[in-house]
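S.K.: Protein chains in written order, with this note's numbering: chain A, 1 to 148; chain B, 1 to 148; chain C, 1 to 148; chain D, 1 to 148.
Keep in mind the hints are simulated off the structure, nothing from the lab.
No residue lacks a Cβ here, since even glycine has one placed at the ideal position from N, Cα and C.
Derived lysine-lysine pairs resembling DSSO-like cross-links, with alpha carbons at most 27 Å apart:
#, chain 1, residue 1, chain 2, residue 2
1, D, Lys94, B, Lys103
2, D, Lys94, D, Lys27
3, B, Lys103, B, Lys74
4, C, Lys27, C, Lys94
5, A, Lys103, C, Lys94
6, C, Lys103, A, Lys103
7, A, Lys27, A, Lys94
8, D, Lys103, B, Lys94
9, A, Lys94, C, Lys103
10, C, Lys103, C, Lys27
11, D, Lys103, B, Lys103
12, D, Lys27, D, Lys74
13, D, Lys103, D, Lys27
14, B, Lys27, B, Lys103
15, D, Lys74, D, Lys103
Covered, in the sense of this in silico footprint (three residues per stretch, anywhere, with C-beta under 8 Å from a C-beta of chain A), are these stretches of chain C:
#, region
16, 87 to 93
17, 125 to 135
The primary structure of each chain is shown beneath.
There are 4 protein chains.
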Amino acid sequence: MQHGMTAEEFQTVIDRMLPFGQGFGFKIESLGHGRAVVRMPFSPVMTRPGGTIAGPVTMGLADCVMYAVVLGMKRDAVMAVTSNLSIHFLRAPKPAAIIAEGKLLRLGRRLAVVEVTMYSEGEEEPVAHATGTYALPTQSQAEGSAVP
Amino acid sequence: MQHGMTAEEFQTVIDRMLPFGQGFGFKIESLGHGRAVVRMPFSPVMTRPGGTIAGPVTMGLADCVMYAVVLGMKRDAVMAVTSNLSIHFLRAPKPAAIIAEGKLLRLGRRLAVVEVTMYSEGEEEPVAHATGTYALPTQSQAEGSAVP
Amino acid sequence: MQHGMTAEEFQTVIDRMLPFGQGFGFKIESLGHGRAVVRMPFSPVMTRPGGTIAGPVTMGLADCVMYAVVLGMKRDAVMAVTSNLSIHFLRAPKPAAIIAEGKLLRLGRRLAVVEVTMYSEGEEEPVAHATGTYALPTQSQAEGSAVP
Amino acid sequence: MQHGMTAEEFQTVIDRMLPFGQGFGFKIESLGHGRAVVRMPFSPVMTRPGGTIAGPVTMGLADCVMYAVVLGMKRDAVMAVTSNLSIHFLRAPKPAAIIAEGKLLRLGRRLAVVEVTMYSEGEEEPVAHATGTYALPTQSQAEGSAVP
Numbered sequence: 001m002q003h004g005m006t007a008e009e010f011q012t013v014i015d016r017m018l019p020f021g022q023g024f025g026f027k028i029e030s031l032g033h034g035r036a037v038v039r040m041p042f043s044p045v046m047t048r049p050g051g052t053i054a055g056p057v058t059m060g061l062a063d064c065v066m067y068a069v070v071l072g073m074k075r076d077a078v079m080a081v082t083s084n085l086s087i088h089f090l091r092a093p094k095p096a097a098i099i100a101e102g103k104l105l106r107l108g109r110r111l112a113v114v115e116v117t118m119y120s121e122g123e124e125e126p127v128a129h130a131t132g133t134y135a136l137p138t139q140s141q142a143e144g145s146a147v148p
Numbered sequence: 001m002q003h004g005m006t007a008e009e010f011q012t013v014i015d016r017m018l019p020f021g022q023g024f025g026f027k028i029e030s031l032g033h034g035r036a037v038v039r040m041p042f043s044p045v046m047t048r049p050g051g052t053i054a055g056p057v058t059m060g061l062a063d064c065v066m067y068a069v070v071l072g073m074k075r076d077a078v079m080a081v082t083s084n085l086s087i088h089f090l091r092a093p094k095p096a097a098i099i100a101e102g103k104l105l106r107l108g109r110r111l112a113v114v115e116v117t118m119y120s121e122g123e124e125e126p127v128a129h130a131t132g133t134y135a136l137p138t139q140s141q142a143e144g145s146a147v148p
Numbered sequence: 001m002q003h004g005m006t007a008e009e010f011q012t013v014i015d016r017m018l019p020f021g022q023g024f025g026f027k028i029e030s031l032g033h034g035r036a037v038v039r040m041p042f043s044p045v046m047t048r049p050g051g052t053i054a055g056p057v058t059m060g061l062a063d064c065v066m067y068a069v070v071l072g073m074k075r076d077a078v079m080a081v082t083s084n085l086s087i088h089f090l091r092a093p094k095p096a097a098i099i100a101e102g103k104l105l106r107l108g109r110r111l112a113v114v115e116v117t118m119y120s121e122g123e124e125e126p127v128a129h130a131t132g133t134y135a136l137p138t139q140s141q142a143e144g145s146a147v148p
Numbered sequence: 001m002q003h004g005m006t007a008e009e010f011q012t013v014i015d016r017m018l019p020f021g022q023g024f025g026f027k028i029e030s031l032g033h034g035r036a037v038v039r040m041p042f043s044p045v046m047t048r049p050g051g052t053i054a055g056p057v058t059m060g061l062a063d064c065v066m067y068a069v070v071l072g073m074k075r076d077a078v079m080a081v082t083s084n085l086s087i088h089f090l091r092a093p094k095p096a097a098i099i100a101e102g103k104l105l106r107l108g109r110r111l112a113v114v115e116v117t118m119y120s121e122g123e124e125e126p127v128a129h130a131t132g133t134y135a136l137p138t139q140s141q142a143e144g145s146a147v148p
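Build the full structure now, drawing on both the sequences and the hints.
M.R.: Put into structure tokens, the structure is as follows:
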């Protein structure tokens, strides 16, 4: 039977393998049952004209939480890659931490589709919403991967 | 009549206002007539498992070239913000520079839609393709903005 | 203060103004508070190779429920138009009715962003998920529109 | 070696297997080398409030030309299914025929990514732009399919 990573294991993936997420201080807060929550602390380096958080940083956070959802279902899918990602920016995020909540929409044999909703910490209305597809590694690729 | 920024002016926007693009060394190569080309040099900090360039970095490059296309049409639209962005990852980029080519699909009064095709430098087949919408500032917003 | 349409009023919009929805028998089941549910009965004319429901029909249903959400918030926005729509097909729908649930993500002055999840009637797992943006009419456009 | 369908063969697919496309009179105009052109004649049944062509009809046309591009590369991929589709509506189409031009962005073993640009016949500026992914059938699925 297929096992997924724990939150602790996924934090190790961020810290060792995702320089982008490691650099921006991404922390996995929970992982399991097709859901994941990742928190990104605020840093002035993330800003863009208008004082809000730059879109690419938010997109990187969305991508990371999708990856978390995938590895939370299939621990040997480290070589999964983003196939596509579509994001709507809803409100200018405040200069505050962002909480990203991922939810599995579909886990197939070859593709996983995940939805992500992002909030400024402490706020009720989302700042961004994303959906995306990860292409899962084939069995032979997965066997060759360096699962932590 | 509406004037757009020159490539030199947009480089100043990157260097002063976009820490993400400045940090990854984005350079505008050409700008005008609804088109823009931005080059991102390769750096090991961009990598992800598998040795390829991380998706968020590519997404940030796509977003930057869309912004360039917008400011190349309307120099006073510095406060334009990404409304949505949709990207397809087509091939794993090599550890090499990426060239992003933006093309205006539609410039309306309130929205601009831009298409971006990205290549590993020297290659013919694209590594990624994105489309996105920028919401343009209203006249009163634009007048208050700090155009360089 | 802004009022939205009732379900009965939106059904009139479908039947009089949306030949696509009228032809496929779309029925609004509930509308209000940023949410809408539209039911599409099954018909053999909707099928594609493999016996499942054709993508365009599902996309049309997604678009209709987004429009319902918008008009359920702003009854004078009949001239609102789809600006973009992004859909993921998750599972091949059975030859059965589809229930589409729309949820408002953001209502701005110029744009509304809506999320739609679609299910084969009686099933728990979604068959498709869509997000999209409607461009809202300006006040002068809305005043000139033929609100039923 | 892999062969693709001819335009004549794909027209047979439309007429026999795609009731949506057949009903709206879709005609394939050219097919080959990763490109396809499909023409949709205008019909009053396609309209929506404002007198323009309804979004779902345009989305159906985009989906059809993507399918044409796929079958123009791999004739045994009749069971390919749309995995996702993202469309931007750029200008309100006139009450006139729409010409949809599809272009292959990537043909992988499991996925094909296609871009589509659509024009009102005789116009230079596009009315809509779409990108999408088709999931290709596995070898065993393809062998079981009813290739015309």
